[in-house]
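Whenever a hint applies, use it, and build me the whole structure from the sequences.
Same order as they appear, the protein sequences are chains R and B.
Number 246 marks the last residue of the first sequence (full-length UniProt numbering); no jumps.
Number 169 marks the last residue of the second sequence (full-length UniProt numbering); no jumps.
FYI, nobody ran anything at the bench for these hints, they're computed from the structure.
Please read these numbers as outputs of a predicted model, since none were measured by experiment.
Where hints are given, some of them may not hold.
Which chain R residues face chain B? A few, computed with CB under 7 Å, are given here [stated by the list, open to error]:
hint : residue
1    : D47
2    : F54
3    : V83
4    : T118
5    : P186
6    : T188
7    : A196
Note that CB positions come from ideal geometry on N, CA and C, so glycine has one too.
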Amino acid sequence: MWAFINKLRSPKWFYAISAKLQPLFWVAATLLLLVGTVWGLAFAPADYQQGNSFRIIYVHVPAAFLAQSIFVSMAVSGLVFMVWKIKVADMVATVMAPLGAAMTFVALFSGAVWGVPTWGTWWMWDARLTSMLILLFLYLGVIALRGAFSSRDSGSRAASVLAMVGVINIPIIKYSVDWWYTLHQPATFTITGRAAMTMDMWAPLLIMVLGFYSFFIALTLMRTRSEILRREANKRWVRELAEETN
Amino acid sequence: MTPKRKQKLFVILGLLSLTAIAVGLTLYALRANINLFFSPVQIAQGDAPMERQIRAGGMVKEGSVSRDPESLDVEFVVTDYVDDLEVYYSGILPDLFREGQGVVVVGELQADGRLYADKVLARHDENYMPPEVAQALEEAGYSPADFQAKAAEVGKRLEQEGSPEGSDY
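Structure (structure tokens):
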């Protein structure tokens with residue numbers, strides 16, 4: 001455990017290991033998203049009440065999952081950065097924030113599009129929708145706070161603290177539909193596969209969720225690598241690397 | 001772990017727990033306001049204000065929908081399987097509106113205990129299924145169990161707290 005954390009201290013080690021992992025996740029993401037999209041949009045049966053408009057679930061649910069997972073990952077990275085002073089953790093948190101914000105927006109937007117035919121309204125200030133909107137603002141806050149300081153270290157620390165405090169919103173989002181009366185229905189999709197959905201609808205959704213996660217990991221690895229190069233540009237190993245490729 | 005790091009970790013964890021407690025207490029204090037709608041149980045208990053716009057939610061009771069053939073007027077009963085609420089509405093209903101379906105109605109509660117709705121929203125439940133499965137379930141006596149359980153829970157809580165009429169204020 002401690003040996004692993006010590007290895008993480010070295011951006012060079014992360015740069016080397018991510019080069020090996022990255023292609024695996026890109027291949028997995030491409031295959032899963034392709035299969036999931038075709039299966040979900042063309043072959044899964046239509047819903048008994050919503051008809052074909054239910055198919056938005058194949059984007060909405062994975063995006064909402066990622067939006068929350070990315071925020072938790074960002075908070076954990078922030079904690080690791082603050083306590084153990086591991087720079088790679090801060091770089092990972094930096095590159096994850098825009099993707100998380102984008103996923104939150106996708107979840108809110110696809111939900112609104114689905115809400116118009118299903119509920120009869122695109123927005124309602126219910127606990128689930130409002131807490132998700134707060135998540136979007138938290139993401140934007142983290143991104144803005146990071147850029148608001150003249151020294152990078154202060155920006156990183158401020159963003160880490162906001163991410164750690166903001167993580168309290170995540171259980172609120174998750175349990176809002178159980179704690180209060182909301183317009184939004186409780187969770188349909190769970191990993192344990194409670195029977196709120198038949199197998200032929202659930203399987204493509206699982207594939208889409210796995211595909212979104214693979215995409216997130218692949219993109220984070222890729223962007224962290226460029227962030228490492230940017231921040232370590234003056235280090236000897238990066239200069240040597242640049243000379244090798246030339 | 002060096003003592004300095006340990007101290008930092010504790011400071012962060014302490015900060016987090018304090019914030020969590022603060023947020024938890026706020027949400028607890030606001031719990032009545034965060035609920036998007038009143039359940040018929042709550043309205044029967046007198047929790048909802050009269051002649052002010054409120055939202056009420058529940059299931060459309062089976063066999064309760066009656067439409068006026070001459071106009072868009074419709075009457076139906078919203079139920080949480082504990083108490084019922086009569087609703088009057090004039091307008092276009094959402095596609096998903098049907099008996100046994102969850103709805104949220106926006107409108108004013110009248111002195112006679114009926115709700116005159118300005119707007120009716122359909123509330124979808126978490127169950128997604130192909131039409132054949134839905135039909136099979138219906139034949140087997142399908143019931144929206146989740147909503148029922150939650151309404152019963154609220155009913156029990158209100159009973160414990162006592163109805164507002166019986167209290168001192």
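Exercise. Hey, does the P186(R) contact hint survive, CB to chain B under 7 Å?
Worked result: Status holds, d = 5 Å.
Exercise. Is the interface hint for V83(R) satisfied, with its Cβ closer than 7 Å to some Cβ of chain B?
Worked result: The hint holds - V83(R) has a Cβ within 7 Å of chain B, the shortest such distance being about 5 Å.
For this session: Would you settle whether the hint for T188(R) is holds or violated, based on the nearest Cβ-Cβ distance to chain B being less than 7 Å?
Result: Where the cut-off is 7 Å and the nearest Cβ of chain B is about 4 Å from T188(R), the hint holds.
For this session: Using 7 Å as the Cβ threshold, decide whether D47(R) counts as touching chain B.
Result: Holds, about 5 Å.
Problem set entry | Hint check, T118(R) versus chain B [nearest Cβ-Cβ separation less than 7 Å] | holds (5 Å)
For this session: Would you check whether F54(R) satisfies its interface hint, that is, whether its CB is within less than 7 Å of any CB in chain B?
Result: holds (6 Å)
Exercise. If you take the shortest Cβ to Cβ gap from A196(R) to chain B, is it below 7 Å?
Worked result: At 5 Å from the nearest chain B Cβ, A196(R) passes the 7 Å test, so the hint holds.
When the structure is compared with the earlier hints, no violation turns up for any of them.
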